Amino acid sequence: MTIRRLPQQVADAIAAGEVVERPASALKELIENALDAGSGRLGIEVRGAGRTLIRVVDDGAGIPAEELELAFQRHATSKVRSLADLEAISSLGFRGEALASLAAVADVECRSRGRRIRLLAGEVVESAAAVPVPGTVLEVRDLFANTPARLRFLKSDATELAACLKVVQAYSLLYPEVRFEYTNEGRVGLRTLGRGDATAAAAAVLGTAVAAELLPVEGEGIRGLTSQPRLHRGSRDSLLLAVNRRPIASRALGYAVEECYLGQLERGRYPIAVLELTVPPGELDVNVHPAKREVRFRDERVVFGRLQRAIRAALNGSQPYRMAEALSSAGSAWRTPQVHSAPAFAGLESVVAEAFPAAPGAEGPLRPLGQVQDAYLVAESGEGIVLVDQHAAHERVLYNRFLAQLRAGAGASQALLLPETVELEPAQTAAASDHRDWLAALGFELEEFGPQTVKLRAAPLATPAARAREALSELLQTLAHSLPQAALANAAASLACHSAVRFGDRLEPVEQRRLLEELEQAEESITCPHGRPTRLLLDWSQLKRHFRRNY
6 MTIRRLPQQV ADAIAAGEVV ERPASALKEL IENALDAGSG RLGIEVRGAG
56 RTLIRVVDDG AGIPAEELEL AFQRHATSKV RSLADLEAIS SLGFRGEALA
106 SLAAVADVEC RSRGRRIRLL AGEVVESAAA VPVPGTVLEV RDLFANTPAR
156 LRFLKSDATE LAACLKVVQA YSLLYPEVRF EYTNEGRVGL RTLGRGDATA
206 AAAAVLGTAV AAELLPVEGE GIRGLTSQPR LHRGSRDSLL LAVNRRPIAS
256 RALGYAVEEC YLGQLERGRY PIAVLELTVP PGELDVNVHP AKREVRFRDE
306 RVVFGRLQRA IRAALNGSQP YRMAEALSSA GSAWRTPQVH SAPAFAGLES
356 VVAEAFPAAP GAEGPLRPLG QVQDAYLVAE SGEGIVLVDQ HAAHERVLYN
406 RFLAQLRAGA GASQALLLPE TVELEPAQTA AASDHRDWLA ALGFELEEFG
456 PQTVKLRAAP LATPAARARE ALSELLQTLA HSLPQAALAN AAASLACHSA
506 VRFGDRLEPV EQRRLLEELE QAEESITCPH GRPTRLLLDW SQLKRHFRRN
556 Y
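Those letters in the sequence shown? Residues 6 to 556, per the working numbering, in order.
What the hints contain is simulated information worked out from the structure, not anything from laboratory work. Worth double-checking, as some hints may not be accurate.
Claimed, not checked - DEER-style ranges, computed between Cβ atoms:
1) Lys160 / Glu72: 32 to 38 Å
2) Ala417 / Arg228: 53 to 59 Å
3) Ala217 / Gln490: 31 to 37 Å
4) Ser132 / Glu50: 33 to 39 Å
Because the structure is a prediction, the values reported are computed rather than measured. Every residue, glycine too, gets a C-beta built ideally from N, C-alpha and C.
Based on the provided sequences and hints, a complete structural model is requested.
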């Protein structure tokens, strides 16, 4: 086939596809332009899920009348002059592609500094004087009308609207000093006050109940909000990361946040967080992709460590496990939730469902009252009735003990009356060989008894002898499939799970008291190592309300 140069209109449409993928990406570019112009107030209107109209009105610096047409030409920008400028980018936009890309795939009209222009398929079709107004008004109509293939691949109206709202919410959270008002089909969907208060912005975006459960995060080049461990979601969508006020996607930094909650959240549950990192422009590369969602750090490990230290300091300085509303229900945090108060007589089940574990030691010494269903301990404290999951509580106590033994390299063991032979899979055999010191520190005494068999002569003192064989097998299986950095914690968690008392185990009063005492003394005692809660507090005021004893 003969090689030919593409017509400019076709080339522009192809290039636009990298920048403007959907209505939400068009909206993102318009918001970033407005913020770069120093706007203190943004009015955003969407119709037809962004296909029909996206309008952004700002009160920023505006575009000089004589530069208005130039602003819509590809690679025309006021933010970069030389290669050296790419090493010190502080603005959200800098590529000079956004407006040109929008003009290539939509009907665009821009009014600024007493001038108005309209573009179709990248060409100026109208240019005239206009009434001078502060800032800029930019309207994008009939998005992708001249690229039907792209139009066909858009999602449903609900999906595209959700994506648009998420963009507005992200910038509303990252720029609390800017007043945002977002409307869809003439109805207000989001409004912030623009007073510079991050918590107030979070209340407008996430709801007041959620905002009340967010902890301030402050660290070296780190600021933001992160949720108490009792506030969580079923997906990672509620984590907003930004670098120099630019929203980014980073699996590594997302993992850094999640790792701070290990042992405090159940598997498959994730925190809500708005976290901004300030990094010298020379220490990162934002020119990775036209959409500017990815960045590269010169030293990602340093950033990773700073982020984790800041989050852990916030979590350690809080008292996150007192009674609260039931905030961990499923659903996205990035919608303003409706908060409903419970009826006065919703039943004791609703009282239990809305209660959360108490803070370690916050309710005072626990006085055991008994055991129910051979599964839960009932205790009284200064603040109310405390229900304790006996397996989860014992699991936490043993996990802390085993972890300390692994770190110290020594632990107590008990000799088995009759040594047991344990057949192992190849991966388990390798794990037993690689982690001999850990096994000994936990209290296991093993002897080779064949190519894939060991003889178990002693087990940890805390592990019931009848479960020693099972506990060893599961421990080796866990070690065989653990990443090096998680192996220590996983080993302690596995052994704790198989050594702890179980549902159905009857505990004598002295055992109940000892378990409660050990739980009160344990660090991070609110959850088991897998993130399940160990206790539930029904405070006296809640019980009085339920039984109408409000006098």
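Here is what the structure says about each hint:
Roughly 36 Å separates the CB atoms of Lys160 and Glu72, a value that falls within the hinted 32 to 38 Å. Here the CB-CB span from Ala417 to Arg228 is close to 46 Å, at odds with the stated 53 to 59 Å. For the hinted restraint 31 to 37 Å between Ala217 and Gln490, the CB-CB distance of approximately 34 Å keeps it satisfied. The hinted window of 33 to 39 Å between Ser132 and Glu50 is violated, with their beta carbons roughly 24 Å apart.
Of the numbered hints listed earlier, those contradicted by the structure are 2, 4.
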